[in-house]
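Model the full assembly from the supplied sequences, consistent with the hints where possible.
Protein chains in written order, with numbering that gives the first Met the number 0: chain D, 0 to 197; chain P, 0 to 542; chain S, 0 to 96.
A few of these clues could be false.
[Stated by the list, open to error] Using 30 angstroms as the maximum straight-line C-alpha spacing, the simulated DSS-like pairs for lysine-lysine come out as follows:
1. Lys-37(D) - Lys-108(D)
2. Lys-65(S) - Lys-187(P)
3. Lys-37(D) - Lys-81(D)
4. Lys-341(P) - Lys-277(P)
5. Lys-77(D) - Lys-65(S)
6. Lys-163(D) - Lys-81(D)
7. Lys-65(S) - Lys-10(D)
8. Lys-187(P) - Lys-154(P)
9. Lys-19(P) - Lys-341(P)
10. Lys-10(D) - Lys-187(P)
11. Lys-19(P) - Lys-163(D)
12. Lys-10(D) - Lys-81(D)
13. Lys-47(D) - Lys-108(D)
14. Lys-19(P) - Lys-277(P)
15. Lys-108(D) - Lys-65(S)
16. Lys-19(P) - Lys-283(P)
17. Lys-10(D) - Lys-77(D)
18. Lys-187(P) - Lys-341(P)
19. Lys-520(P) - Lys-341(P)
20. Lys-490(P) - Lys-187(P)
21. Lys-507(P) - Lys-154(P)
22. Lys-520(P) - Lys-10(D)
23. Lys-490(P) - Lys-531(P)
24. Lys-65(S) - Lys-37(D)
[As the list claims (entries may be wrong)] Looking from chain D toward chain S, a few residues come up when the C-beta cut is under 7 angstroms (computed):
25. Glu-20
26. Ala-32
27. Ala-69
28. Ala-70
29. Trp-105
30. Ile-109
31. His-110
32. His-180
33. Pro-191
34. Leu-195
35. Leu-197
Note that these hints are calculated values from the structure, not bench results. A virtual CB, placed ideally from N, CA and C, is assigned to each residue, including glycine.
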Amino acid sequence: MRAEIDRVGLKLGMWLFLYSEIILFGGLFVLYAAYFHKHPESFAVGGKELNRVIGAMNTVVLLISSFTVAASITAIQKGSRKLTIGLLGFSIFCGFIFLVNKYFEWGAKIHHDIYPNSETLVNGEPGLNIFFGLYYVITGLHGLHVIIGMVLLSISLVLMLVGKIDGESFSMLDNSGLYWHLVDLIWIFVFPLFYLVL
Amino acid sequence: MTAIPSFYHQSAPPGLTGIKAWLLTHDHKRLGLMYLGAVFFWFAIAMVLGLLLRTELMSQGRTIMGPGLYNSFFTLHGVIMVFLFAIPAIPAIFGNFFLPIQLGTDDVFFPRLNLFSWYLFMIGGLFALVSLFVGDGFPDTGWTFYVPFSVQDSKNVGLTVTAAFILGMSSMLTGLNFVTTFHRMRDKNMGLMQIPLFTWSLYATAWVQILATPVIGITFVLVVLERFLSIGLFDPDKGGDPLLYQHLFWMYSHPAVYIMILPGMGVISEIIPVFSRKSIFGYKAIVWSSMAIAIAGSLVWAHHMYTSGMSDVSVFVFSLLTFLVAVPSAVKVFSWVATMYKGSIEMTPPLLLALIFIYLFSVGGLTGLVLGAAGTDIHVHDTHFVVAHFHFVMFGGTGFAFFAALHYWWPKMFGVMYTFRAAYWGAVLAAVGFMFHYVPMLILGLQGMPRRYYDYLPQYETGNFLAGFGAYIMVFGIVIMFVNLLMSFRKGVPAPADPWGGTTLEWKVPSPPPVHNFIDKPQIMDFPYDFKGVGEQSQKGSR
Amino acid sequence: MNVDNQDKPHVLSYSQLTVVLIILLALTGLTVGVSYIHMGFFNVPVALAIACLKVSFVLLFFMHLKYEGPIIVLSLIGTVTILMIMIGFTFWDVAFR
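Below is the structure:
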């Protein structure tokens with residue numbers, strides 16, 4: 000059996016998993032592309048109804064959290080345990096902020112009768128129904144991945160606290176970080192597609 | 000025989016006994032056998048379903064079942080055969096068992112993930128079973144679950160597509176494991192051009208498993224969301240386009256057929272050289288064609304949609320691209336035949352089944368050209384011609400490759416040899432029955448009989464009767480093969496390490512192998528199909 | 000066991016990471032700012048181009064892609080290609096109905 004841990008192999012496995020996630024969201028982007036072509040005016044109307052500022056804030060939150068996750072990898076490689084833990088904790092907190100923002104955004108829309116199969120959407124422009132249908136599905140699936148990412152980072156945090164992750168053996172942290180960056184990558188596309196289509 | 004125990008008598012991780020040594024195993028060999036047990040179960044059910052369907056069709060009007068049950072049966076037959084047999088069988092059983100050995104290593108890169116893949120396979124199967132018995136019963140949408148019916152159907156569509164989602168995860172993770180193993184765990188002395196062709200085929204397949212499966216994942220998620228939330232993403236009244244469902248569905252399901260056939264082709268590439276006592280012709284061409292089939296197969300999905308209402312431009316483009324896919328497949332057929340030319344042919348059951356594969360797959364491939372050409376497709380789309388085509392390639396192809404793999408690697412996996420005569424009879428009956436079963440369908444399709452129809456016009460009755468008759472012969476032959484294999488345990492004729500005179504690494508280890516695969520360090524040859532040294536060593540007399 | 004190229008993995012300094020973050024925040028500001036300018040059809044390709052640039056920075060630096068071996072780099076390019084085919088080839092249908 001293997002005596003040494005193959006870090007490169009572990010990382011390769013994680014990247015392969017990320018490819019499957021990219022394609023998973025890719026299917027939704029196929030729908031977005033086709034429907035944007037079909038209902039360009041309705042998509043612009045829908046885009047205006049989403050708040051650019053909140054969307055930008057969420058983008059910034061995720062970018063900063065990606066930075067802190069990447070920095071935590073640097074920290075652990077330099078042996079700064081406390082800094083790693085702090086950066087990791089802050090990243091998870093950023094994820095929490097993102098979800099809270101999302102909760103308020105969705106809440107506001109639902110309050111205005113904009114949700115799947117609502118009266119407003121069913122009786123309104125079909126293109127607008129599609130825009131918001133895609134909005135809920137894509138941001139919903141993305142939010143689920145934010146939660147999964149937070150879980151992975153939390154597990155890494157716990158493993159750090161009990162000493163199972165250190166400067167020599169940090170693949171779990173490294174790979175959880177990769178997953179988190181993917182969550183960021185997806186949002187980098189989601190943001191302009193929904194909030195800046197005006 | 001050495002005193003080293005086989006993997007049956009030693010667990011990995013060590014110290015496990017009884018049922019735990021199987022249910023908690025990390026051993027790729029045990030996992031392969033656990034998949035074999037499950038796959039046999041599902042294949043048997045789906046085969047019986049097929050037989051019942053064709054019995055119903057043997058005469059006009061109601062024969063043994065009503066139309067509702069008929070629709071559910073062909074849906075179930077398709078779902079099981081596609082997701083629980085054709086896609087997983089060869090990679091999960093023989094890939095798991097032999098890929099690490101062929102690469103000269105002791106297991107896959109992620110053994111616990113491998114175990115998890117098996118549990119996902121079992122849970123997915125369980126979901127499918129449950130969906131048979133709860134609520135309004137099993138879906139009757141066809142295994143393609145087209146909208147709008149799948150979104151409106153009162154039957155258990157949600158449960159069934161969830162089962163397929165879980166099975167897809169199992170497949171994707173297996174692919175992930177194989178790619179990582181291929182790149183990181185090969186014996187240091189084994190370069191890329193020294194890897195056996197079966198492993199190469201699994202590598203090409205693994206990429207398709209990783210990259211294509213998520214598309215059906217998201218598609219089925221959308222079906223469930225539509226059923227619960229009525230978002231309208233495929234509903235024209237709400238701005239949606241039902242054709243986009245078909246695009247997404249076939250974006251996976253076309254590459255899926257390459258997941259089904261590539262490992263089968265890999266099996267044939269192993270068998271032909273061994274029983275021709277001759278090196279494989281065009282090793283590099285076969286490697287490149289495997290990768291080319293994987294890539295080209297991702298470009299052609301909408302050839303399932305020529306009559307759906309999509310644009311004329313896309314009909315033209317996808318038809319043109321579909322012709323390209325035929326080329327690398329033909330390369331393989333030429334290579335196999337060229338391998339046998341001037342070889343020293345030894346007709347064993349694996350070789351007979353491999354030859355049957357080549358013939359049936361080629362017929363299937365040629366009928367694929369009729370379907371791939373948009374003009375002729377208009378005439379035969381959604382007729383029994385299509386049904387015959389895909390059974391020629393998926394059953395005559397993957398199915399017979401599965402039978403061939405069973406007969407080739409059975410002695411290695413179980414340490415016992417089966418009776419040849421019964422195997423020959425079974426194979427021949429299965430093949431003859433196959434022709435009687437599917438050739439009439441090619442004709443019926445050309446004559447205009449639609450697929451998935453419970454009943455038909457009087458002029459189609461003769462063809463359907465013949466097809467049903469052939470079905471019984473075919474199933475009889477398959478049963479003979481399976482029973483014969485199982486009887487090898489009763490008869491207990493021990494198999495040596497190398498009963499065939501093979502050159503790849505699995506024939507250098509005992510039958511069955513020890514838990515860590517190799518006793519001595521494996522000797523990697525310069526070329527994996529060099530038969531010069533093997534002739535003296537093979538223990539052919541033991542048969 | 001192939002534990003070759005297990006030499007110490009590349010460490011990105013805090014300052015390098017900070018520069019990347021600043022670039023990303025600037026690009027975010029840019030794309031929001033541009034969205035207030037009405038360029039008609041061109042708003043979409045510009046927004047997507049900026050997004051692609053941002054994604055590249057996250058991939059190359061935060062995800063260390065710049066320092067990874069050919070298997071990961073080539074397979075990522077392959078995956079993105081497949082994604083582009085998925086979207087692009089659907090347009091053979093959708094754009095010509």
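Outcome of the hint check:
1. About 24 angstroms separates the Cα atoms of Lys-37(D) and Lys-108(D), which keeps this hinted pair within 30 angstroms; it holds.
2. Taken as a hint, the Lys-65(S) and Lys-187(P) pair is honoured in the structure, with Cα atoms around 26 angstroms apart against an allowance of 30 angstroms.
3. A distance of roughly 52 angstroms separates the Cα atoms of Lys-37(D) and Lys-81(D); the hinted pair therefore is violated under the 30 angstroms criterion.
4. Distance restraint check for Lys-341(P) and Lys-277(P): the Cα-Cα separation of roughly 8 angstroms lies within the 30 angstroms cut-off, and the hinted pair is therefore satisfied.
5. For the suggested pair Lys-77(D) and Lys-65(S), the alpha carbons sit about 20 angstroms apart, so the restraint of at most 30 angstroms is met.
6. For a cut-off of 30 angstroms, the pair hint linking Lys-163(D) to Lys-81(D) stands: about 15 angstroms separates their Cα positions.
7. Simply put, Lys-65(S) and Lys-10(D) have alpha-carbon atoms about 14 angstroms apart, close enough for the 30 angstroms limit, and the pair holds.
8. Between Lys-187(P) and Lys-154(P), the direct Cα distance comes to roughly 54 angstroms. Violation of the 30 angstroms bound is thereby established for this hinted pair.
9. Taken as a hint, the Lys-19(P) and Lys-341(P) pair is broken in the structure, with Cα atoms around 51 angstroms apart against an allowance of 30 angstroms.
10. Of the supplied pair hints, the one linking Lys-10(D) and Lys-187(P) holds, its CA atoms being roughly 20 angstroms apart against a limit of 30 angstroms.
11. Only pairs whose Cα atoms come within 30 angstroms are accepted, and Lys-19(P) paired with Lys-163(D) is accepted, the gap being roughly 28 angstroms.
12. The straight-line distance between the Cα atoms of Lys-10(D) and Lys-81(D) is roughly 24 angstroms, inside the 30 angstroms bound, and the hint therefore holds.
13. Among the hinted pairs, Lys-47(D) with Lys-108(D) is consistent with the structure: their alpha-carbon atoms are about 13 angstroms apart, no more than 30 angstroms.
14. With a C-alpha separation of about 44 angstroms, the suggested pair Lys-19(P) and Lys-277(P) falls outside the 30 angstroms cut-off, and the hint is violated.
15. For the suggested pair Lys-108(D) and Lys-65(S), the alpha carbons sit about 41 angstroms apart, so the restraint of at most 30 angstroms is broken.
16. Distance hint between Lys-19(P) and Lys-283(P) is unfulfilled; the C-alpha atoms sit about 43 angstroms from each other, more than 30 angstroms.
17. Annotation: proposed proximity of Lys-10(D) to Lys-77(D) holds, straight-line Cα distance about 20 angstroms (limit 30 angstroms).
18. Distance restraint check for Lys-187(P) and Lys-341(P): the Cα-Cα separation of roughly 34 angstroms exceeds the 30 angstroms cut-off, and the hinted pair is therefore not satisfied.
19. At most 30 angstroms may separate the alpha-carbon atoms for a hinted pair to count; Lys-520(P) and Lys-341(P) exceed this at roughly 34 angstroms.
20. With a C-alpha separation of about 40 angstroms, the suggested pair Lys-490(P) and Lys-187(P) falls outside the 30 angstroms cut-off, and the hint is violated.
21. Taking the CA atoms of Lys-507(P) and Lys-154(P), the gap is near 52 angstroms; set against the 30 angstroms cutoff, the hint is violated.
22. Between Lys-520(P) and Lys-10(D), the direct Cα distance comes to roughly 28 angstroms. Compliance with the 30 angstroms bound is thereby established for this hinted pair.
23. Distance hint between Lys-490(P) and Lys-531(P) is unfulfilled; the C-alpha atoms sit about 33 angstroms from each other, more than 30 angstroms.
24. In summary, the hint linking Lys-65(S) to Lys-37(D) is not supported, as the alpha carbons are separated by about 38 angstroms, beyond the 30 angstroms threshold.
25. At a threshold of 7 angstroms, the smallest CB-CB gap from Glu-20(D) to chain S is about 10 angstroms, leaving the interface hint violated.
26. With a least beta-carbon distance of about 5 angstroms to chain S, the hint placing Ala-32(D) at the interface is held under the 7 angstroms criterion.
27. Look at Ala-69(D): its Cβ gets to within about 4 angstroms of chain S, closer than 7 angstroms, so that hint holds up.
28. Against a cut-off of 7 angstroms between C-beta atoms, the interface hint on Ala-70(D) holds, since the closest Cβ of chain S lies about 5 angstroms away.
29. Nearest Cβ of chain S to the Cβ of Trp-105(D): about 21 angstroms, over the 7 angstroms cut. The hint is violated.
30. At a threshold of 7 angstroms, the smallest CB-CB gap from Ile-109(D) to chain S is about 25 angstroms, leaving the interface hint violated.
31. About 25 angstroms separates the beta-carbon of His-110(D) from the nearest beta-carbon of chain S, more than 7 angstroms, and the hint is not met.
32. Taken as an interface hint, His-180(D) checks out: its beta carbon lies about 5 angstroms from the nearest beta carbon of chain S, inside 7 angstroms.
33. The criterion of a C-beta within 7 angstroms of any C-beta in chain S is met by Pro-191(D), whose closest approach is roughly 4 angstroms, and the hint holds.
34. Taking 7 angstroms as the C-beta cut-off, the interface hint given for Leu-195(D) holds, the closest approach to chain S being about 4 angstroms.
35. Annotation: Leu-197(D) was flagged as interfacial toward chain S, and the flag holds, the nearest CB pair being 6 angstroms apart, inside 7 angstroms.
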